[in-house]
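Chains as they are written, first to last, in our numbering: chain A, 1 to 476; chain B, 477 to 866.
The hints are simulated quantities; they were obtained by calculation from the structure and are not laboratory data.
Hints should not be assumed to be uniformly reliable.
Restraint ranges, calculated between C-beta atoms of paired labels, are given here [as the list claims (entries may be wrong)]:
{"id": "1", "chain 1": "B", "residue 1": "I494", "chain 2": "A", "residue 2": "V430", "range": "23 to 33 angstroms"}
{"id": "2", "chain 1": "B", "residue 1": "Y638", "chain 2": "A", "residue 2": "H291", "range": "37 to 47 angstroms"}
{"id": "3", "chain 1": "B", "residue 1": "K664", "chain 2": "A", "residue 2": "N23", "range": "53 to 63 angstroms"}
Straight-line C-alpha distance at most 25 angstroms; calculated PhoX-like pairs for lysine-lysine [unchecked claim]:
{"id": "4", "chain 1": "B", "residue 1": "K664", "chain 2": "A", "residue 2": "K409"}
{"id": "5", "chain 1": "B", "residue 1": "K633", "chain 2": "B", "residue 2": "K774"}
{"id": "6", "chain 1": "A", "residue 1": "K183", "chain 2": "B", "residue 2": "K796"}
{"id": "7", "chain 1": "B", "residue 1": "K633", "chain 2": "B", "residue 2": "K531"}
{"id": "8", "chain 1": "B", "residue 1": "K531", "chain 2": "B", "residue 2": "K491"}
{"id": "9", "chain 1": "B", "residue 1": "K782", "chain 2": "B", "residue 2": "K594"}
{"id": "10", "chain 1": "B", "residue 1": "K796", "chain 2": "B", "residue 2": "K810"}
{"id": "11", "chain 1": "A", "residue 1": "K371", "chain 2": "A", "residue 2": "K443"}
{"id": "12", "chain 1": "A", "residue 1": "K280", "chain 2": "A", "residue 2": "K371"}
{"id": "13", "chain 1": "A", "residue 1": "K443", "chain 2": "B", "residue 2": "K814"}
{"id": "14", "chain 1": "B", "residue 1": "K664", "chain 2": "A", "residue 2": "K212"}
{"id": "15", "chain 1": "A", "residue 1": "K143", "chain 2": "A", "residue 2": "K63"}
{"id": "16", "chain 1": "B", "residue 1": "K814", "chain 2": "B", "residue 2": "K862"}
{"id": "17", "chain 1": "B", "residue 1": "K810", "chain 2": "B", "residue 2": "K862"}
{"id": "18", "chain 1": "B", "residue 1": "K491", "chain 2": "A", "residue 2": "K435"}
A quick note: this is a predicted structure, and the numbers were derived from the prediction, not measured.
For every residue, glycine included, the Cβ atom is placed at its ideal position computed from N, Cα and C.
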Amino acid sequence: MVFNSIQFTLFFIIVYILYLFLNHRWQNRMLLVASCIFYSAWDWRFLFLIFVSLTTDYLCSLKIHASDNEKRRKFFLVLSILINLSILGVFKYFNFFVSSLKVFLGCFGLNIHPIVLQIALPIGISFYTLKTMSYTIDVYTRKIEPTRSYLDYFLFVIFFPLLLSGPIMRAEDLLPQIASPRKLRLDWFYEGCYLIFWGLFQKIFIADNLAKIVDFVFNAPAPYNGVQVLLTLYAFAFQIYCDFAGYSNIARGLGRCMGFDIIINFNLPYFATNPQEFWKRWHISLSTWLHDYLYTPIAFSKRSWGNWGVVFALMATFILCGLWHGAAWTFVIWGAYQGMLLVIHRFLKPLFELISSPKSIMNRRIRFIIKVIFFFHLACLGWLIFRAHSVGQSLEMLQALVFNFKFSKESFGVILNIIALICILLIVQVFQFIKKDQLFIFKQNWMIRAAFYYVIFYLILIFGVANGREFVYFRF
Amino acid sequence: MEGNLFIFDFKKLPKAFITFLLLLLLTETISSIVIEKLPSRNCLQRILSMIAKDKINADILVLGDSFALTAFYNKGKVFSSSDKLMSSIVSLATNADVTMAGQYFVLKRYLEKNRPPKMVFLISTPFLWDFTLGKLSDNYFFSFFTNRQEIRDVLFKTKDIYFLIRLLYYKFLPSAQYSLYLAEFRAKSETTRSRMLEYMKDSILMKIGLQPERSLQEKLSEIDRPHPLVVMARASEMIRPFGGEPFAAQTSISKEIKPQEEEKPLGVPNARFLSEIEFREMSKIKHFGIYYFDKICKMLREKGVKLYYVDASATYSLFKEQGGYFISGKNFVKTLQKKTEQFLYLEDFAPLYFSDEYFYDRNHLNSLGARHYLHIFNKSLKNLVKVQKN
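So here's chain A without its partners, still in its complex pose:
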């Protein structure tokens, strides 16, 4: 039941009607049941995993909170983290590690025949595991107090708009909204509808159409043409952005309609001029999670190493970030690449700042545009590794980018296709960036909004990809 399907539309209409007529207590109960139904539409058996994960964290956090004995508190924290990571390890990484071990031992002439688990990846496992882990850690660090209500906690983990692909809301932000009655405001409802509509446009019109261009090249065998690869990377950069940002916007919109305030997950990431800024704008809920629960503790523990400690923390955090995205070496290398960019940026930053800043506004703008374009290409290079089916394919494509860069007539067709798909997004985002407001269109006068809705609606209706294609981040 993806957000861009008729089934989900029906599901949400029913849920929303019930929601409007119930009081707060029953609203939460109904949302809990609806979320279970929503998840069961994928595979009801994996509900059991969520149940194990959240019950463990609920009980452990209560034990942690109740105890003043540091050892006992640590024991329950470690227990909770171990159980969560074990579930993730078995269901997401077992086959990857086993096959990697087989290849590694094969290098030394040792042939093993390991067990391979024939199980599908439980959808959303990476997201809810981070959510539940952060809850226990926050209770341990006394940042929050654990909730006594099991149902509230259950809903915090399983709340259907956020269940499959985030944003990874923290307990301190979401739990109070669950625990106390929510306001149902008409202006929030309009805002929610706008976000849902814009999210659907990003997904159905932009991402799913770009996916056709991307899939065609990535599913084709080598040799590749450099221009073709470059254009495909541009297409993929916008595909993955619109796919995920579209999902996040729909999730925010659904939440907004029901009176929830869900955090912004993407803040115009391709306007970033450096990797640090990029990670402040891209998948914000994940990057802040990684910052708070991985980077900071590692950097703190290695503070005696000086700059090397920072390098180590950055590389470790981003390699794990890559691994979080998927159990494949391409993701690990992508994570390492992102870590490397951040390390380089961190240490070369003073050098960049030494170069005098241009005086005139025009020069500053040009400089900014060059920086944005340059960093966009660095990000695209990362996406090449991220999207490739194997390390070998990414190397072949890189080779084509350098040694086989030839224009053909077909390339112009692809360029026009990409421009046609992303031009509205770019125009909207330029205004959003200038005005520093993601709801810029929503705040325009009614005539502009009506025209905007009209254009968007017909682009979705006529050129959108039907049949509810899955969101890319569901695989993570």
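Using the hints provided, position chain B relative to the given structure of chain A.
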């Protein structure tokens, strides 16, 4: 217990939304007119618009899947026949995507506007039966069968609100059909491009003295793909005036075919089909197909029209590969016929497979094949009429 906290400021009217709705209404009204004027995007649309516009009043009606479609039409080419023809045969064959339900709706619309034919032939591969609900397509089902009665019928049978929404979507948003036009256009240009490329490649191979995999003539006959609308035609007399369309035609049936009033009514009244499970065991055939086939039979029986079921032919290679499936389909129809007696199964009307030269792919005839098939069809039809008379 605390209640809801509603803060609905109705002073802030959703002007933008209302304007958007008005624009939407206007566009859809215009679209519903524009779409009527656009050229048909597929065989089903062409058939349905023809049924809506013209009186056809065929003597013999052919229903079926894409095999029947390719057999009875070939870009208006004329097939000679030594027999004298007088009766008109009209094909409303479409393709398997239309499903048995679609065949029923097409026939129903036809019968509402025309006098009943004397005979109806359903020519089909087992694929027509094998379409499950999930495979119903927008382009060959949901965007067309949107009459109130049809919607009610599908909803009654499927009890699926998802189907209802898809039907209503096309009923109230005719603009959605533009995307189907685009898809058809893309598919056609892709096919044409790949065929032209193949043709060019072969021409080059021949120029440098190499032999392509298949002869150029064969390729050309493939390019000469039958147009997806119907009908065999004969040059001379009695071609029905359908606005220049090579639509109505004459076959080698003698004029003397008369309505079969004196014959026994078709089938056993209130005959029940086998249970769904029994059918599933026999082949992969789904209940949805059986249900609508039953409705076709009943509708024709009420009108006193005889229904003949004819197996579609395939290439030898396809038959070799999926022979079991074809045979199980055959057995299924045979059993169905024995149990219900609502239609006649013409098992040996045409061979189950032909030589590959008659096909442009594994189960669609090329122009040569269409001519050959019609020859057999005419002959068998003539025999059938003779037998019936005797």
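Subject >> In rising order, the numbers of the hints this structure does not comply with >> reply: 6, 7, 8, 11, 13
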